[in-house]
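In order, the protein sequence lines correspond to chains A and B. According to the working numbering, the first sequence is numbered sequentially starting from 17. According to the working numbering, the second sequence is numbered sequentially starting from 268.
Treat the hints as calculated values from the structure; they're not laboratory data. The C-beta atom is built at its ideal place from N, Cα and C for all residues, glycine as well. Don't take each hint at face value.
What the hints assert, rightly or not - What follows is a set of in silico ranges between Cβ atoms, one per label pair, in the way DEER data are often shown: (1) A:SER84 with B:GLY307: 20 to 30 Å; (2) A:SER69 with B:THR364: 35 to 45 Å; (3) A:ARG92 with B:LEU382: 40 to 50 Å; (4) B:GLN308 with A:ALA33: 26 to 36 Å; (5) A:LYS95 with B:THR364: 28 to 38 Å; (6) B:ARG282 with A:THR34: 41 to 51 Å; (7) B:ILE370 with A:SER69: 44 to 54 Å; (8) A:ARG75 with B:LYS281: 20 to 30 Å; (9) A:ARG82 with B:ARG348: 27 to 37 Å; (10) B:GLU295 with A:TYR67: 19 to 29 Å; (11) B:ALA320 with A:LEU96: 24 to 34 Å; (12) B:THR305 with A:ARG75: 29 to 39 Å; (13) B:THR287 with A:ASP55: 23 to 33 Å.
Unchecked claim - Listed below are the simulated DSS-like cross-link pairs for lysine-lysine, each with C-alpha atoms no more than 25 Å apart in a straight line: (14) B:LYS281 with A:LYS61; (15) A:LYS61 with A:LYS18; (16) A:LYS18 with B:LYS338; (17) B:LYS324 with A:LYS119.
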Amino acid sequence: RKEVEQDPGPFNVPEGATVAFNCTYSNSASQSFFWYRQDCRKEPKLLMSVYSSGNEDGRFTAQLNRASQYISLLIRDSKLSDSATYLCVVHKTNSGYALNFGKGTSLLVTP
Amino acid sequence: DTGVSQNPRHKITKRGQNVTFRCDPISEHNRLYWYRQTLGQGPEFLTYFQNEAQLEKSRLLSDRFSAERPKGSFSTLEIQRTEQGDSAMYLCASSLTGVAKNIQYFGAGTRLSVL
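Looking at chain A on its own, in the form it has when it is part of the complex (with noise of 0.2 Å):
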């Protein structure tokens, strides 16, 4: 089972919907989670870290399941410029600092 678990989609929305992504971990120590942002061929770049509490930046929120090792993001009102894949991304403990990022959700979002 790989750690960090993603629907791939794709998931295809029209301008002005709401799309929500769900991703699974398999350890239940770890420690920071993230979803990262990727463009077609570009890097991946951080969109928002994902605490206890759960936490909101503009049209997009994160939260977080401890007790179901799972993690959230909304997309509220999609715009064009949303397309891309969203990384969940688990920091990996017992192991320094290093990253473990989920295969990605691809989403495209229709005029």
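Please arrange chain B on chain A, whose structure you already have, making use of the hints.
Okay, now just chain B, sitting in the frame of chain A:
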């Protein structure tokens, strides 16, 4: 541009040749990481430096791979006797100890094609 810089951006080589990539981290970032990404996959961790010390190596880092960070600033990743399976995007990232949960910032990567 004060972000993570990687060179070259693209490298095409023949099987069996050696290649070397360079990464310049964000100034003053003491941690530096190498990852590899293949099509349809997320980045996979290869190795990590804190200052000049290589503190962790993944099982993915076979003995054909070697990484250095001699002065705790830039780093190089060398692949000897390249194989077609080495074709991938090699990403470098850097971070600063104790800042914002050690958030890692990535360079644009070096895309390696082994023919």
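>> Check the hint pairing LYS324 (chain B) with LYS119 (chain A) against an upper bound of 25 Å on the C-alpha distance.
In response: 21 Å, holds
> Does the hinted range 20 to 30 Å hold for SER84 (chain A) and GLY307 (chain B) at CB?
Replying inline: Given about 27 Å between the Cβ atoms, the range holds.
> Holds or violated: LYS281 (chain B) with LYS61 (chain A), Cα cutoff 25 Å?
Replying inline: 31 Å, violated
> Measuring from beta carbon to beta carbon, are THR305 (chain B) and ARG75 (chain A) in 29 to 39 Å?
Replying inline: 31 Å, holds
>> Checking one constraint from the list: CA of LYS61 (chain A) to CA of LYS18 (chain A), max 25 Å. Satisfied?
In response: 22 Å, holds
>> 24 to 34 Å was suggested as the range; check whether the CB atoms of ALA320 (chain B) and LEU96 (chain A) agree with it.
In response: Between ALA320 (chain B) and LEU96 (chain A), where Cβ atoms are some 45 Å apart, the hint is violated.
>> For LYS18 (chain A) and LYS338 (chain B), compute the direct alpha-carbon distance and say whether it is at most 25 Å.
In response: 35 Å, violated
> Is it true that the C-beta distance of THR287 (chain B) to ASP55 (chain A) lies inside 23 to 33 Å, as the hint says?
Replying inline: For THR287 (chain B) and ASP55 (chain A) the Cβ distance comes to about 27 Å; the hint holds.
> At the C-beta level, are ARG282 (chain B) and THR34 (chain A) separated by a distance inside 41 to 51 Å?
Replying inline: Cβ of ARG282 (chain B) to Cβ of THR34 (chain A): about 48 Å, so the range 41 to 51 Å holds.
> Does the hinted range 19 to 29 Å hold for GLU295 (chain B) and TYR67 (chain A) at CB?
Replying inline: 26 Å, holds
> Between ARG82 (chain A) and ARG348 (chain B), is the Cβ distance one that fits in 27 to 37 Å?
Replying inline: This hint is violated: roughly 44 Å between Cβ atoms.
> Do ILE370 (chain B) and SER69 (chain A) keep their Cβ atoms within the hinted range of 44 to 54 Å?
Replying inline: Check failed, 18 Å falls outside 44 to 54 Å.
In the structure shown, a violation is registered for the earlier hints numbered 2, 7, 8, 9, 11, 14, 16, in ascending order.
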